[in-house]
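Asks: Take a look at the letters that make up each chain.
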Amino acid sequence: MRAVSTAETAPTIHPWAIHAEALKVRAGRHLAVDGLDLSLATGVHGLLGRNGAGKTTLMRALATVLKPAGGRLTVLGSSVDGRADLRQARRSLGYLPQHFGYYPRFTLREFVSYLAWLKEMPKRDIPAATQRAIDRVGLTAKADARLRTLSGGMLRRAGVAQAIVNDPQVLLLDEPTVGLDPEQRLDLRELLRDLGTDACVLVSTHLVEDVVAACTEVVLINEGRLVWQGTPTALAAQGDERHPGDSPAERGYSALLRGHHAEVVR
Amino acid sequence: MTTHPTLNDIDRYADGDLGLDEATVWSIEVHLESCADCRARLAGSTTAESRALVAEVAAAVDSGIAAGPTPRSRALFRTPLRQRWFVATLLPWVAMTAGVLGTAALLTYFLSELPSIVLLLAPLAPLPGVAAAWSRRGDPAWELVIGTPSAGLTMLLRRTAAVLVLVIPVLAAFAVLGPSRANPALLLLPCLAFTAATLLLGSLVGVRRAAIGLMTAWAAAVVAPSLVTAELPVLLRPTATGGWAVVTVVLAALTLLRANSFRRLTSF
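Order-wise, the sequence lines are chains A and B.
Straight run, no breaks: the first sequence in our numbering ends on number 259.
Straight run, no breaks: the second sequence in our numbering ends on number 848.
Please note that a few of the clues may not be correct.
As the list claims (entries may be wrong) - Estimated spans, in silico, between C-beta atoms of each pair:
{"id": "1", "chain 1": "A", "residue 1": "224", "chain 2": "B", "residue 2": "609", "range": "42 to 52 Å"}
{"id": "2", "chain 1": "A", "residue 1": "133", "chain 2": "B", "residue 2": "636", "range": "26 to 36 Å"}
{"id": "3", "chain 1": "B", "residue 1": "613", "chain 2": "A", "residue 2": "179", "range": "55 to 65 Å"}
{"id": "4", "chain 1": "A", "residue 1": "117", "chain 2": "B", "residue 2": "817", "range": "33 to 43 Å"}
{"id": "5", "chain 1": "A", "residue 1": "146", "chain 2": "B", "residue 2": "717", "range": "19 to 29 Å"}
{"id": "6", "chain 1": "B", "residue 1": "825", "chain 2": "A", "residue 2": "128", "range": "53 to 63 Å"}
{"id": "7", "chain 1": "B", "residue 1": "634", "chain 2": "A", "residue 2": "128", "range": "23 to 33 Å"}
{"id": "8", "chain 1": "A", "residue 1": "142", "chain 2": "B", "residue 2": "597", "range": "55 to 65 Å"}
{"id": "9", "chain 1": "A", "residue 1": "133", "chain 2": "B", "residue 2": "627", "range": "31 to 41 Å"}
{"id": "10", "chain 1": "B", "residue 1": "675", "chain 2": "A", "residue 2": "97", "range": "45 to 55 Å"}
Don't read these hints as lab results, they were simulated from the structure.
Glycine included, each C-beta is placed from N, C-alpha and C at the ideal position.
Chain B on its own, in the form it takes in the complex (with noise of 0.2 Å):
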């Protein structure tokens, strides 16, 4: 801070003195910015011209305040306003992604020959979810989307988290009630690890095609020949937890190392 003016330079200086060298004004002028003490004694050597002047302005702005709208409650800026729109596109996906659950768990429960149809489906539940949150579909606004600086990989797992948030608990609903009492870790990690995948290829084709072709693959060469052959594939018995979760991470790192291609449209 600069040192305080004397008092007689700060009654020059209200009065307008002509006298104080420009220099001199602009040094009170910079301390007066910063020293509440210098301001009260400024206050107290003012002119009534100036007080006037002062009076008249705060008249004019009073008056302007009480003729303008009301301010705005800066409340509407603080509510994550984007997770209401997103959980809003999202909710028809959950919803499908649980009516198929649901479906399959009363098809599990009338066909007991059958393996369980959720431990089946349950690796491709977030997958509709995830190509909807990025994609050119899902989002009306991609083009504004994926040419600001916060388009990118940190943009997509916040998306694909909300994602998960919503599927996960579907899917561990049905683990602990459903009739096959699956083990929850083989519910969740392929379900993870497919997730990985789909962002790892999508940094390549594209996530919505990717999240296509990884259901479309899963459901031929998985789905379809249990279904046939009414056995558990050894990818979802119990023995296959620790392959699942080695899976998940290496894929995860390696869409980590791809973050730079979230940046551009051929990810979305």
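Here chain A stands alone, though its shape is the one from the complex (with noise of 0.2 Å):
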């Protein structure tokens, strides 16, 4: 039992978790992510796109790590483009990256507790909120181990652990499914469907299959913009027999990015 602060209480005044006009995002010199509008409220999102459609560079600017070169972007009711103060929204953000670091000579604990303390998280709360975060992802036995004893899928837990640690209410994870065994991967899908019903959680990913069954809404970006947006069921009926893919949702997925892909021609 922990006290309730007055400012978890505070209602919300802001109508999504993630708000983008006209964002411009650039890796490197490429514009990445040119004109991307984007609305996402509680729930988890698949963020569908192909190789190079700007999906990691996007997650990167939400993330607050990469500072939008147009556009506005709004977290949590919190300008974080341009001199805005980001402290506020960082502290309740979770951010798994595409390419994981990590200190090899930290024990999964030790690594978490600091991930934890650098979110400025209250002193107290932190082996709590560390012991927790590590159960939800299933490493409980691995909670003391060297990182660099971990294999890879449990590396990646491991950076869902460090994301969540904090009870983000915008949780970004850039390939979670990586590595992971598919036994693991249920797990994966099952705490994302536990972690959406208060936060926004927006998974980028390559396989469709996650996001059927894990997401409430799916998100398709191709070079930079936002190309379609709907359940899952409505991507499923996108597509039909013509289409390549295996299920329907691969269908419909392959059908937008055809369709969006001649408009662009045109």
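Both chains are given apart, each in its own frame, so use the hints to dock them into the complex.
Replies: Structure, rendered in structure tokens:
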């Protein structure tokens, strides 16, 4: 049992957890996100797109790591573009980067607590929050193992643990299912559904089946722009037998991308 | 604190008397949470049934504690873990700096016609360490760290301070024990000025690039000419001390003004 702070009980006055208008973000010199409009509320959102569609750059901008080159970006009601103060938004963010760097000599518990400390959690809450995050990703038995002794899938889950340690309201996971075995993927989907009940979770992935299974909404981007946004059922309804794919959702995915491509060419 | 409930009410509460209305039960419960005396009274009025339940729960909790893992000592969370990691990362850089300064001291000793090479290189001594402390190569978890609320100038200054704490004693040792017996102010002030300059420039182009740029510029503009002419440059003569102090303060103040830019990846 813990005390509930006034900040937690305050009514939300922002309609969207993530709101981007004509967002432009550079990856190096290349404009990887180019005029993206996106509104995301509570729930699990699957971010789909080809390689180089701008998924990772978008994730980095949402995680406030990259500064947008243009447009407006609001996370949890506070503006995070330009010279804005990022601290407030960052406290409620969880982020798993695509290439997840870690300190090999830290134990999992030390690593997650260090990140919790960096996220400015109250000191006395850190040990319990750390334990809870590690339990939720199913690494309880490995809590005191050094990170360099963990396998690829375990490291991915360790990354998810550090992302959820501060009970984020916006959780950004860049390809969390890479390196997970089928059983662990099922567990992760379960965890995502659980987290999505009261937070805005954005999961970037290449696996259409993961999105259909775990997400309440699909966001499809191509060449830095939003192509389509809707429920997984609506995605499946987009395609028919003529489109490539092994499942209705995959056929819908390729139908939408082809349609967009044809539009761009014209 | 709410008023104490009567003993009669407590008895009825302990009994689970259905005649007691909900509002009274709530107010008794709220009061019990904050009043040890009334809890003691409640303990006296419990029925055999509730005592048996409490005993059963206590036994279950005890066996759970006995079967579970031993509690971790809290000391782990108090040890300054980040410093431990950090010092381990920095040690190679400090060792390198000490090695370079040692070589410089030896050269100065044997080539007495040249100006003190230790003095010439001292301004650059903390820069490799600072660059390592705030760069993507030095910190494997950079993408996680830069996205947290604590990322920013405070964190950079903390890391820079760690570098200086390791480097300045080395410099001071060379100043006092070295063959040239250089003025300590002339060793330390340029070193601080260059650190501040690295941070300021780093807010624009990234700390690592700033450190490399400044080291190259100083080596080309001051170190090389003074080795060729075998004369100590004006910048490192005792008269320049005041100038270095002013420059350090101005650069530090400008860095503080640009504090916000250290929250983004561009400075990393």
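Asks: Each of the hints needs a verdict: does it hold here or not?
Replies: Hints and how they fare:
The hint said 42 to 52 Å for the Cβ distance between residue 224 of chain A and residue 609 of chain B, and at roughly 45 Å that hint holds. Checked against the hint of 26 to 36 Å, the C-beta distance between residue 133 of chain A and residue 636 of chain B comes to roughly 28 Å, which is consistent with it. A beta carbon spacing of about 42 Å between residue 613 of chain B and residue 179 of chain A contradicts the range 55 to 65 Å that was offered as a hint. Between residue 117 of chain A and residue 817 of chain B the Cβ separation comes to about 55 Å, which falls outside the hinted range of 33 to 43 Å.
Our hint of 19 to 29 Å for residue 146 of chain A and residue 717 of chain B holds, since their Cβ atoms are close to 26 Å apart. The hinted range of 53 to 63 Å is satisfied by residue 825 of chain B and residue 128 of chain A, whose Cβ atoms lie roughly 55 Å apart. The hinted range of 23 to 33 Å is satisfied by residue 634 of chain B and residue 128 of chain A, whose Cβ atoms lie roughly 28 Å apart. Distance hint check for residue 142 of chain A and residue 597 of chain B: the Cβ-Cβ separation is about 59 Å, which falls inside the suggested range of 55 to 65 Å.
A beta carbon spacing of about 40 Å between residue 133 of chain A and residue 627 of chain B agrees with the range 31 to 41 Å that was offered as a hint. The hinted window of 45 to 55 Å between residue 675 of chain B and residue 97 of chain A is violated, with their beta carbons roughly 20 Å apart.
Hints 3, 4, 10, counting from the list given before, are not met by this structure.
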